[in-house]
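Fit chains R, L and Z with the ligands to the supplied structure of chain V, relying on the hints for placement.
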Amino acid sequence: MAWFKKTETENRISGELKLDIWTRCPSCESHIYKEEWHNNLNVCPKCNYHDRISCIQRLNLLVDKNTYVELNPDITPIDILHFKDGKGNYKDKIKETIRKTNLNESVITGYGQMNGKKVAIAIMDFRFLGGSLGSGTGQKIFMAANYAVEHHLPYIVISASGGARMQEGMLSLMQMAKTCAGIAQLKKKNLPYISILTDPTSGGVSASYAMIGDVNMAEPGALIAFAGRRVIEQTIKQKLPDNFQTAEYLREHGFIDMIINRKDMKKRICEILEFYQR
Amino acid sequence: MAWFKKTETENRISGELKLDIWTRCPSCESHIYKEEWHNNLNVCPKCNYHDRISCIQRLNLLVDKNTYVELNPDITPIDILHFKDGKGNYKDKIKETIRKTNLNESVITGYGQMNGKKVAIAIMDFRFLGGSLGSGTGQKIFMAANYAVEHHLPYIVISASGGARMQEGMLSLMQMAKTCAGIAQLKKKNLPYISILTDPTSGGVSASYAMIGDVNMAEPGALIAFAGRRVIEQTIKQKLPDNFQTAEYLREHGFIDMIINRKDMKKRICEILEFYQR
Amino acid sequence: MDLEFEKPIKEIENKITELKELSIKSKVNFTSEITELEKRCQKQIEEIYSNLTSWQILQIARHPKRPVLQDYIPLIFNNFIELHGDRVYGDDRALIGGFATLDHQKLMLIGHNKGKTVEENVERNFGMAKPEGYRKALRLMKIAEKFNIPIVTFIDTQGAYPGLEAEKRGQAEAIASNLTEMAQIEVPIITLVTGEGGSGGAIGIGVGDVILMLSFSIYSVISPEGCASILWRDAKFAPDAAEALQITAPALLKLKVINEIVKEPIGSAHRNYGETALNIKKCLIKYLQILKSQPVKKLLRRRFELYAQMGNIKSKQGL
Amino acid sequence: MDLEFEKPIKEIENKITELKELSIKSKVNFTSEITELEKRCQKQIEEIYSNLTSWQILQIARHPKRPVLQDYIPLIFNNFIELHGDRVYGDDRALIGGFATLDHQKLMLIGHNKGKTVEENVERNFGMAKPEGYRKALRLMKIAEKFNIPIVTFIDTQGAYPGLEAEKRGQAEAIASNLTEMAQIEVPIITLVTGEGGSGGAIGIGVGDVILMLSFSIYSVISPEGCASILWRDAKFAPDAAEALQITAPALLKLKVINEIVKEPIGSAHRNYGETALNIKKCLIKYLQILKSQPVKKLLRRRFELYAQMGNIKSKQGL
Ligand SMILES: [Zn+2]
Ligand SMILES: [Zn+2]
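Protein chains in written order, with the numbering used here: chain V, 1121 to 1398; chain R, 1121 to 1398; chain L, 38 to 356; chain Z, 38 to 356.
Just chain V, with the same shape it has in the complex (with noise of 0.2 Å):
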């Protein structure tokens, strides 16, 4: 497969990007030159905000060039249940989402070199269907995982995800019992497993293979959750602290091992593969 090549749907990622030439940070609300916003990563310049990119730019960021080969690549969500709500019914909305994200699921998955180092790869993407764990995604990221072992590779998967795909039901459920059974069979082989969780990374994803890297490093700021936020001020009935449910917060207690600007990640990665001497 070829090198991918930037889409036109990446420029306008988050929704904040309207304006022609210039962009604002979120967090700071400076106002940033569109291509130096791009160029810099989608991180703010003036106050290391980073926001959500595309599964494009991360894999042009981590991977090698002309190293990756995609797995799967026509794996497709299936509206097994004949889903619909009450906007609509899910077969259109999958269907409107490849076509506006021009991507066929909510990760990609494949192998490739990082520093010349061959891994397995997958990269989730929160703009398709805010990443949610569907059972194409558990499908690519399980498959993904059985290569690895195979052919005796480290596996990295890059999460940005809102949770389960409620539109498949149960099915999307068990994609957190498929995906970890996939990687449990790299801890088995005692091969790296190393999970990046980026902003956000929530529900059903945090609570199966986001969570269980031998290390697991995030980008700075990220959502990391299981409840929502909502969810739990409605439960407990208190304020939440600022910081809660942060990549800090995470870190501070106990589940994060290191916290890695974006521009930083690949290096940190294969820093911490080359320690592996099996």
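Hints are computed from structural coordinates only; laboratory data are not their basis. Any given hint might turn out to be false.
What the hints assert, rightly or not - One-sided excerpt, in silico: chain R residues whose CB lies under 10 Å from chain Z: (1) T1196; (2) G1254; (3) S1255; (4) A1284; (5) M1290; (6) L1293; (7) C1300; (8) I1303; (9) A1327; (10) Y1369; (11) L1370.
To be verified - Covered by chain L, according to a simulated footprint, are these stretches of chain R (three or more residues, beta-carbon under 8 Å): (12) 1374-1381; (13) 1384-1397.
C-beta atoms are modelled at their ideal positions from N, C-alpha and C, and glycine is treated no differently.
Then chains R, L and Z with the ligands, alone, in the frame of chain V:
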């Protein structure tokens, strides 16, 4: 070795037992016939206070009559450091303790049957230098673990100890590692290890073999601690909860599986061992 | 709590009670009338319970009189020895476990326990477990693995507890670890949804070789109320969401998410604890028999394949 | 903090400083006098440091200027990548760890970190770790085992933190688990006491294939103060207790509790960080070389035997 007979010393385990016929419960202060107290296994019939008992009483309680064979009965403490403190020589203290308790170390170890099932067993005795973990203690517990591994037996350890034995310095501390290394072998071979924590189980004993049972059982009200209450109060300058470091407190905080009355202990251990299906 | 759709049943039952009272007071014999009414009542129950919506089934699954783990234990198992604590932080009363015997088969029983009375509900946090609950469950599974006895889990929870402390102590980590470890535990695991199988909190003890559901239990990725308020933007549409999510046992059997439905008596479990328990018992014995005879390698391979086939979407060329 | 027994050294050092200042002010050349004094000072240091009591060595081990882990890391290792958290409760700043490279050898470094400044001391809790510290350490050791790299631990703590929260969260359990797991970790473990090796808190990361001590470090089952207040009934007798407990490196080498003493420069580590670090580095390289070549089975058998021989009292007939 012949079945153990009750020794004189057993009749004066607790400082409370000074009256001729009566004794007073240290907890509820009821006056109880000494004979009743003893027949009730040193448990107060009024308030269920579990007073300390000797390793011999414990042995009679747990192991089937005429089935017990002692291992390493002749191991005694050795004064390797030629330790002297303000009150005298460790060497003299050893001699006196052996004479007074009619025991050679703070633990007796061996194998025998519990309701017909063969087990390896170690029983500590608080009367012997506060049940402290000396080199002899560690050696005996370690050797009995090795015996269990060799003969594929479950291992039951009943702890009653103030912690490490200062007079043996670092060799005492190293018994923590040594005993745990012995029990690690049981874990590796999938052999059951049941730890019974009785009053008191603290310091280096609680932080080694006593805390790592597949099942941790405790007697009601037993003091179970790592650091001493006074040290903690000095450190944090705060009052501690009333039930702090009791068996009940530790169960509430996740470290004790069950609190079992002395009279039910044998039955419960046997029930659990029946679940072992290898 | 009376269920709305049970009103016709309730009406006949009330009539029967009246007639019985009248019979005593007036000393007139209404036996034949009562028998007739009882027949009608039974028929009514059968009719209603064979035509329930997903939303109605959810109400049954949540019924306060529906048996909970503490009801099932004495009816199904002998010699339950509870084990406490996660050896890290605490002992969760919402998710309990211990050794149990089922028809001479030794096993490790783990399950949510909602409790029945208000006091119990509070003590048990309505069956919503915290990280320490999931960690205790995993510890007990490791004991089962060492002791070489199968594991049976009973699922009955709205979900893992969504509280500050639970988040802080790693609810996500605890569930994720369980999913990962359960895929590899070297003894058979049978899992049964008895009431409400609420998303991550359910699957956190729900990875097994065999997944069973009681007839009127439900298993869902999200509560219908939660789903409705997100996708319909109004929790009022929960009944629609319940239907759309396909949360009932028959629907999930069709989707191959579960292996079998354990039949409840007519009128559902809360009308007959004994029969429900007996059906569960029979079914567990059947599967324990099947799984026990499998060598570990085969067992684990089959467990892996069970999850591999869930939502197994194939890559298609030329989409 | 000036140590009492270093007064003669301090006096000469003060004179040297005075002379140097005077030399600048008065423009008179005192070079030969200064050289003479420096020689005397060096001799004085040598003399004092070759005749220290256990109590004095303890003061050196606790010296606020003595290098701590954060000083050693850049001097000994390259590319330290800190890993955080126990994946259960928190991240203990008193006990840290991560990947590190030593002369091209990849390894996992774990150690207490007291800090140096008051702020650091507080952040690091003076190197007194809580259960989450010990649990993090174990997690990192498991990573090392998976990655197949050796483990090096640096011990420098008064002891595990004796606080309410630490007890509540299982200080005893955390240490006990480490002792048990470290006996079986399938990669080489080298452990070095750099400062104070305080009982359970020290051995909690101190089970290894090779146990090393710096010349003026101590390793003890209890603090001499604690021992004195129990056995002498007065903490004043701590110097006596220190002697009786045999806590110095030479004493412990004789008792076969440790394998080797890593030499400190004359006047102890706080007078020369670089040389101390170099000596540590050389010693670690030597043992890593030896241990790396051993097959896992042999490694574990030898580790088992190392502990088996500690306090190996034989049963004697006819006592
Ligand atoms: Zn900004
Ligand atoms: Zn009493």
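Hint check results:
1. Against a cut-off of 10 Å between C-beta atoms, the interface hint on T1196/R holds, since the closest Cβ of chain Z lies about 6 Å away.
2. With its C-beta approaching chain Z no nearer than about 8 Å, G1254/R sits inside the 10 Å limit, and its interface hint holds.
3. Checking S1255/R against chain Z by beta carbon gives a least distance of about 3 Å; that is within 10 Å, so the hint holds.
4. At a threshold of 10 Å, the smallest CB-CB gap from A1284/R to chain Z is about 5 Å, leaving the interface hint in force.
5. The beta carbon of M1290/R comes within 5 Å of a beta carbon in chain Z, closer than 10 Å, and the hint placing it at the interface holds.
6. Taking 10 Å as the C-beta contact cut-off toward chain Z, the hint placing L1293/R at the interface holds, the least distance being around 4 Å.
7. Residue-level restraint check for C1300/R holds (minimum Cβ-Cβ distance to chain Z is 4 Å; threshold 10 Å).
8. Checking I1303/R against chain Z: minimum C-beta separation of about 6 Å stays under 10 Å; hint holds.
9. A cut of 10 Å between beta carbons decides the hint on A1327/R: the least distance to chain Z is about 4 Å, and the hint holds.
10. Here the hint on Y1369/R is kept, as its CB sits about 8 Å from the closest CB of chain Z, short of 10 Å.
11. Satisfaction of the interface hint for L1370/R is found here, the shortest Cβ-Cβ separation to chain Z being roughly 8 Å, below the 10 Å cut-off.
12. Counting residues of the region 1374-1381 of chain R whose CB lies closer than 8 Å to any CB of chain L gives 5, so the stated coverage by that chain holds, three being the minimum.
13. With 7 residues bearing a CB less than 8 Å from a CB of chain L, the region 1384-1397 of chain R meets the requirement of three and the coverage assertion stands.
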